[in-house]
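*Asks:* Heads up: the protein sequence lines correspond to chains A and B, in order. Residues in the first sequence are numbered consecutively from 1, following the numbering used here. Residues in the second sequence are numbered consecutively from 1, following the numbering used here.
Just so you know, the hints here were simulated from the structure itself, not pulled from any lab data. Since we're looking at a predicted model, the values are computed, not measured. A hint or two may mislead.
What the hints assert, rightly or not - Quick look at which bits of chain B chain A covers, simulated, 3 or more residues with Cβ under 8 Å:
1) 4 to 13
2) 35 to 42
3) 94 to 100
4) 177 to 190
Unchecked claim - Computed cross-link-like contacts, DSBU-like style, restricted to lysine-lysine with a CA-CA straight-line distance of at most 30 Å:
5) A:146 with B:175
6) A:113 with B:60
7) B:148 with A:75
8) B:4 with A:7
9) B:48 with B:140
10) A:143 with B:140
11) B:4 with A:9
12) B:175 with A:143
13) A:75 with B:48
14) B:175 with A:113
15) B:141 with B:60
16) B:171 with B:140
17) A:133 with B:148
18) B:141 with A:113
Where a beta carbon is used, it is the ideal one built from N, C-alpha and C, also for glycine.
One-letter residues, chain by chain:
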Amino acid sequence: MVAEVNKQKLSVVVMAAFLIVPVIIFAFFVWRETTLDAVETGVVDSTCDVHNATCEARFNHGGRLLFSMNPRPIKPLTQLELQVQLSNMNAQQVLVDFQGIGIDMGFYRPELKRDNDGFFSGQASLSVCTLDKMLWQATVIVKSEKGVMIAPFRFEVEQP
Amino acid sequence: MNMKFVVVVLLMLLLGMFLGMQMVKKNDATALSINVAPTGGDFVLQSKYGEFDLKDYRGKLVLIYFGYTFCPDICPTNLSHLTQALNELNETELSRIQPIFLSVDPERDSLDHLDNYVKYFHKSLIGVTGDELTIATVAKKFGAAYQKVTGESEGGYLIDHSSFTYLVDQKGQLKESFPHASDPLLMVKTIRNYLNN
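With the rest of the complex left out, here is chain A (with noise of 0.2 Å):
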C-alpha cells in the first residue's frame, strides 16, 4: 500500500518535472537569444567630442575603445564613416546603436565589418526632425564571448 503511494508520488514529481523543465529552457532560449544584457558600460571621456575628435572608452579589465564618425562636424542626411579600434578586448561582432534622445527615430543599428585585427567599419546616415538641434547617442557594442560591452557617446546635430 505504502509503495503505491510512493510510486503515485514519484509520477506525479516526474510530471511536473516534465512540465516545469521545458518552460524553463524556452525561457532560457528567448533570454540568451535577444537578450543584449550589457556586461560593462565603458567610461567615456566627457569632454571628448565626436564632432571633432576621436573618442576614448575604457573598460574595468584594461579594454580600449576609441570610436569616430567622418567627416565632420556630424550632419545630418549624410553618409558617415565609423570607425571603431578595440586594445585588449576581442569582439565577435561590433555594432552601432543610434538613438534619438528625448525623441524616438526608430530603431537604428548598422553593423561594422572587420577591417583587420581590432579595427571595425562601417557607415550610417542619421536622419532628420523638426527642431533645429537634436541630441543623438551612438552607443558602441561590442559582442564578445565574455558577454556585451557598451561605450556610449552623445553629441548635438543641427539640422540642415
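Starting from the structure of chain A, add chain B where the hints point.
*Replies:* The following block gives chain B in isolation, referenced to the frame of chain A:
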C-alpha cells in the same frame, strides 16, 4: 492522493512558470536600455485596391517605407532613391518585388490621394495606411518611429519620423533596413542578393 502533495506539486508548477516569466520579463527590461532589434511581422492595412495583407506577399521581396504625403522633403528624397533602385531592375525582377509606402498620417492621406502620390514615383508602389492603433503596432514591429509635431506648415502639422526602407524577404522576415537616402545601386545589389538566394 495526499492533498499536501498535490499542493506542493502545484506550487512547483507555479514557481516554474514564475521563473520562466521573470526571465522573459528581464528581456523586456533590457530592451529599454539597449533596444532589442525589431523582428518585423505580418500586418493588414488598407490600400486603394483593397486590403493589403503582408502574408499574401510570401514569395516576394517587400520593401516598406514609412512616411506621409505631406512630408516636405525626406519622403520624396527616399522615394526617389527607391525609384532609382527599382528602375535598375528588369521586369522579371520587378515582378518578384512589392514596394510599399506606408502612410503614418491616415488623417490626411486618403487611399486615393495616397495612390496618386505613390504612382508619381513608381508604377509598382502601393500606398497603404490604416487606423492609428494598427499603424503604431506595425511601426513598433519594424522599429519605425513617428510623432506629430504641431507647427506652421501648409498642411497644419508635420510628422517627425524615422526614415528607413525595410526589406522583408520571401518568407516574411525583416532582413534589412536601408537608411535615409541609401545609394540606389547599393539597394539594387542587396535586393538582387535576396532575389537570387
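*Asks:* Against each hint, give a clear statement of whether it holds in the structure.
*Replies:* Evaluated hints:
With 5 residues having a Cβ less than 8 Å from any Cβ of chain A, the region 4 to 13 of chain B passes the three-residue criterion, so the hint holds. With a cut-off of 8 Å between beta carbons, the region 35 to 42 of chain B has 4 residues touching chain A; three or more are needed, and the interface restraint holds. Against chain A, the region 94 to 100 of chain B contributes 0 residues with a C-beta closer than 8 Å to a partner C-beta. That does not satisfy the three-residue criterion, and the hint is violated. Residue count for the region 177 to 190 of chain B with a Cβ under 8 Å from a Cβ of chain A: 5. That meets the three needed, and the coverage hint holds.
For the hint linking residue 146 (chain A) to residue 175 (chain B), the alpha-carbon distance of about 27 Å falls within 30 Å, and the restraint holds. Taking the CA atoms of residue 113 (chain A) and residue 60 (chain B), the gap is about 28 Å. The hint holds against a cut of 30 Å. Between residue 148 (chain B) and residue 75 (chain A) the CA atoms are separated by roughly 23 Å; this keeps the pair inside 30 Å, and the hint holds. For a cut-off of 30 Å, the pair hint linking residue 4 (chain B) to residue 7 (chain A) stands: about 16 Å separates their Cα positions.
A hinted pair counts as satisfied when its Cα atoms are at most 30 Å apart, and residue 48 (chain B) with residue 140 (chain B) qualifies at roughly 24 Å. The straight-line distance between the Cα atoms of residue 143 (chain A) and residue 140 (chain B) is roughly 25 Å, inside the 30 Å bound, and the hint therefore holds. Between residue 4 (chain B) and residue 9 (chain A) the CA atoms are separated by roughly 11 Å; this keeps the pair inside 30 Å, and the hint holds. Pair hint residue 175 (chain B) plus residue 143 (chain A) holds up; C-alpha atoms about 20 Å apart against a cutoff of 30 Å.
Annotation: proposed proximity of residue 75 (chain A) to residue 48 (chain B) is violated, straight-line Cα distance about 38 Å (limit 30 Å). For the hint linking residue 175 (chain B) to residue 113 (chain A), the alpha-carbon distance of about 17 Å falls within 30 Å, and the restraint holds. Between residue 141 (chain B) and residue 60 (chain B) the alpha-carbon distance is near 19 Å, which keeps this suggested pair within the 30 Å criterion. Using a Cα cut-off of 30 Å, the hinted pair residue 171 (chain B) and residue 140 (chain B) holds, with the two alpha carbons roughly 20 Å apart.
Under the criterion of a C-alpha separation no larger than 30 Å, the hint pairing residue 133 (chain A) with residue 148 (chain B) is consistent with the structure, at around 17 Å. For the proposed pair residue 141 (chain B) and residue 113 (chain A), the alpha carbon gap of about 26 Å is at most 30 Å, so the pair holds.
In terms of the numbered hints stated before, the structure departs from hints 3, 13, listed from lowest to highest.
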